[in-house]
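S.K.: Once you've looked at the hints, dock chains S and X against the given chain A.
Protein chains in written order, with the numbering used here: chain A, 18 to 332; chain S, 4 to 540; chain X, 49 to 368.
Derived by calculation from the structure, the hints in this document are not laboratory data.
Given the structure is predicted, the values throughout are model-derived calculations rather than measurements.
Watch out, some of these pointers could steer you wrong.
[Claimed, not checked] Below are the SDA-like pairs computed for lysine to any residue, each with C-alpha atoms no more than 25 Å apart in a straight line: (1) LYS129(S) with ALA102(A); (2) LYS428(S) with ALA102(A); (3) LYS429(S) with ASP316(S); (4) LYS205(S) with PRO51(A); (5) LYS129(S) with ARG69(A); (6) LYS428(S) with ARG81(A); (7) LYS482(S) with ASP345(S).
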Amino acid sequence: MARYLVRRLLITVPVLLGVTAMSYLIISLTPGDPVQALIDPSMSAADVQIKRHALGLDQPIYVRYVKWLGEMAHGNLGYSFSSGAPVAGRITERIEPTLTLTFSALVLSYLVAVPAGVLAATRRYTWIDYGATLLAFLGISLPTFFLGLIGIYVFALRLRWLPTGGTTTLGGGGFLDGVSHLILPAAVLAAAGAGALTRYVRSSMLEVLGQEFVRTARAKGLGEGVVLRRHALRNALLPVVTLAGLQVPALLAGAVITEQIFEWPGMGRLTIEAINQRDYPVLMGITLAAAVLVIVGNLLADVTYSLVDPRIRYD
Amino acid sequence: MRVRWALVLLVVASLVVPLSPVRAAGPDSSFVVVAGMWSPPNNFNPINTDSSYGFFGIRFMFDTLVAARLENNKLVFSPDLAQRWTVSPDRQTFTFTLNPKAMWHDGKTVTADDVVYTVMTISDPKTETNRGADVAQIAGLDVHGKRAPGAAIGIRAVNDRTVEVKTRVPVDPQMFLELFGYNVYILPKHVLADTPPDQLSKSQFFQHPTVGDGPYKFAQYRTDEYIELAANDAYHLGAPKVRRVFIRIIPPASMVAQLQRGDLDVTAGFGIGEVPIEDWGTVKTMSNVHAASFPAPGYQYMLFNFQKSYLQDKRARQAMAEGINRQLMVSQLLRGEGMIADGPIPPANPYFNKAVKPWPYDVAKAKALLQEAGWDANRTLLLRVPVGNTIRERSADIIKENLAAVGVKTDIQKSDFPTLIAAAKKGDYDLMLIGWAGPTDPDVSSQYRTGGQYNFSFLSMPDLDKLLDAGAAASDPAKRKEIYDQFQAMFADQLPVLVLYYPNARTAISGRMQNVLTDPDGVYNFYSFRWGASGVR
Amino acid sequence: MRRPPRRARQPRDGAGAAKGRGVSTVAPAVAVVRAPRSTSFWAIAGRRFLRHRLAVAGLVALAVVGGLAVFAPLLAPHGPTTIDPAQFQAPPSGTHPLGTDSVGRDVLSRLLYAGRVSLTVGLLAVAIYVVLGTVIGALAGYHGGAVDTVLSRLTDVVLSFPPLIIILFAVSIFGRPSLANIIIVLGALGWPVVGRLVRGQFLALRGLEFVQAARATGGSDARVVAHHLLPNAMAPVLVAATFGTANAILTEASLSFLGLGVQPPTPSWGNMLTDAQSLTVLERMPWLWVPPGIMILIAVLAINFVGDGLRDALDPSLRL
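So that you can see chain A by itself, here it is in the shape it has in the complex (with noise of 0.2 Å):
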């Protein structure tokens, strides 16, 4: 197992560096650059050349990146384009909000789908399942764009139960007035997940179900409920668990719409403003953090999988 960790932290290296190397690329041939796009009548010429300077933006692409990553390596991700500060504090403040949002969304996601999956599963094609499987499926229908603006219209101004948006009332607020804020956009981001998840743990259970194990179980003349807690269920969520760290990515994105609808100060409306301004530095330092993110997240789900799983061995 520590072998296995140690050459997978080791290949995470080369991805890293590949990673890195793609965005660079990427956002350097990104049409439209950082100060060409400021448009001021205050702003005269000299500035506009004082500015590409002080942003070594007269610089060519590989010199610019070799110095991105001398400084990286240095623990330095640089100074944000547009507003000067520097990029690790920005990207720290964003993660924070972005975290409790999608953890939110995939505790709900989870608290939602288990149960329905797992009836879905025992009573496959009966009214039940279909239910289900509709309700899954109506929570990826609608685009979340979509659903956040039904959601502010009934919770926030029909009937008031919650804030419009925001992470907490102005000035104030304690836990309960954070879990408020957090409801309508976890839900609306969680919806999306949850319908994936059902499909999932349902799929798992019949697998389980179908196994020699249970039938001994249930032959042994146990009930069923105990059949399904003590012997079914647990083994169908084990993979259905791991899953967790596989979803982060897509939670990170659906997150950018979920933000932005919400005012939710996370890494997706940094995002998204970042590309708006040409933020270059401030881009390298979101998908470097998101790569790790995601790396964190395979190797956390592998390593889950082999604790729960004893017959999968990493060497």
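M.R.: Here is chains S and X on its own, set in the frame of chain A:
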């Protein structure tokens, strides 16, 4: 089993709790006002923020030498940091006397040295700034507002309270007061002097500008959520009545809901925080909200790429002016909240030429003109449109249909703004939609003069250049008016660009607010220290 | 997805797998109708599929939606971009059965034409990435060793980007988010999922007796891949492709929301729905959002049901 599940839940809960935003302070019972704008500020650097969003926040915290307001189509200046000012008879020397009560938020007095420091910093070739054009009139600086090392420049502190500024040549005082007196925010020298100019843009101070001289003090900025400001009781023009102001970042679609719920007191205004036009009718019917709309200085226009020979024929451009139903855009897309004009000087500007009438919508005439110009009906023009302004995006669809009806084929290409500008610089377009809002001063050389910084259409009309140069050089307002009248007449005939419409500024103000001045720049936060609010939030 | 290699699993119907490979993979349902009592793999799958009522309903719905899109020029009462200057955001009426949109265009006509765009995006993008993913996955799975390592790491790199963000970049690079570019970008970035599926199947199948037998009897690599491995790996790919199609339709809608979707005035369900992104419209102008919303819902639901049915029929243990 149960116990274990409970444990799992507990673990989950403990993970969620510390991540959730928690703040200790409860809501203040004193007067609190919430302003809403669409996007976050990029920073609070008064000489280097690249957006109107940044300036909306800065204007609460920093002051300029003079204040200005458009009244009856004339820009009227009033005292701010400067208590009074004089202009020499040769229109070349401006003397500002600072208000002795003007203080920085840390208790230090605002001095003439601060003003000199600000100009020295902006004109330093090592400083990242976007205010160069605002100081470019000062003697000793080049036309871009930069100074050579060691060069003497035309600004000096006569004493602690008096600043004397000399310009390179005689200038229209109105122009200078607007650009220098009103656009340049004064920086605190005692805080920033130790930071080298090339490090200034990265200074932490501009993320947390705790030392300003405006009516409100910086309290905190929760990135992308809201800016919190606290009343500055020592403000030299009077202590603000509203104790706290929150500037909240709100997506356009949510604004109407927040107004209805009473979560929002005032929208930030023209181009940075307006209720979407779909929701404007809803806002008008709200009993607790005052919906104000008024002519604004910004306009949307269509560029012709002058590198293309077929667009150099003025008849082709005139035909498009006649073939595009601009009235439909105003009446339907803008719901009547706007007007049509054929020049780059807004109808609400003192220099606007009333005698110039816009081209009427006339399909038959447009077709005839195109035929006369020998237009090739098989040619397809590339119409580039930036995303982000829904009305403008819709107007592109109308333009495409209208032009098709008179025999001009177009292909719409939407892209984000940086891509659009990159394409424009390469000349990779035929037609392009873009918006503009500039100062009240009528000098529009940067857009329409040959080689101008924002001349994206490779436009070069020597006759137009002559008028623009004459207008910028003249220091006598009456003479300038004459020149710009001619300029506008020529503009409407030549159509270097087609101005599509001037949208009104629309502002929603909560009924509990008092003394909110609606201004041509939107509500902008003019005289925010006089704002009042009744009731407790 | 990174998962440990699948435990070697016998094809669902050992004899059938070999027999069934000649049967068309395109229309399993048809095969069933012709030979209801057949015991071939595809026939059994077809019968299983028909038992999945939602899947059958989805197939029917999909046929209807597809038909409406194909025959849009015949069915639409107006041109999809024709502006009625007197009717902006007008409610449904005789001339405009579903009302008009924010630029005075007939909603019904746009809805029908939009189906063409949205379905094209979904189908073509997925077609591209199925081909790409199958080739890459097959190379990695068949050769193993260094080829596998390199290709798997490449897959890791592509998967390391949050999908929507990388799509945003890619669309910006082209500078022109046209229909073709959106399809290419979605296609170029979607292959890793298929790649991993195919690789996993190949790895699992490679060691099985019938494959080794084919090799031992002198079958060339190409022949073994084409006749033995690929047909058996296709079931999960087909399922992944169905889900992918639904996903691509939604991604186009998201891109429209961010302003980088299909170019106007060409309608797509996504940009029609984006145009209705206002609470006032939501409350008072249902004709602007209900039709495109329902069309997306039906199309995505139908495709997902079909995918679900295919999975249950072909490989119930497949977790997608």
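S.K.: Each hint: holds or not?
M.R.: Hint check results:
1. LYS129(S) with ALA102(A): At roughly 18 Å apart (the allowed maximum being 25 Å), ALA102(A) and LYS129(S) satisfy the hint.
2. LYS428(S) with ALA102(A): The given pair, whose Cα atoms are some 29 Å apart, is violated under the 25 Å limit.
3. LYS429(S) with ASP316(S): holds (21 Å)
4. LYS205(S) with PRO51(A): At roughly 16 Å apart (the allowed maximum being 25 Å), PRO51(A) and LYS205(S) satisfy the hint.
5. LYS129(S) with ARG69(A): With a Cα-Cα distance of about 11 Å, the restraint between LYS129(S) and ARG69(A) holds, given a limit of 25 Å.
6. LYS428(S) with ARG81(A): Measuring from Cα to Cα gives roughly 23 Å; hence the hint holds.
7. LYS482(S) with ASP345(S): holds (22 Å)
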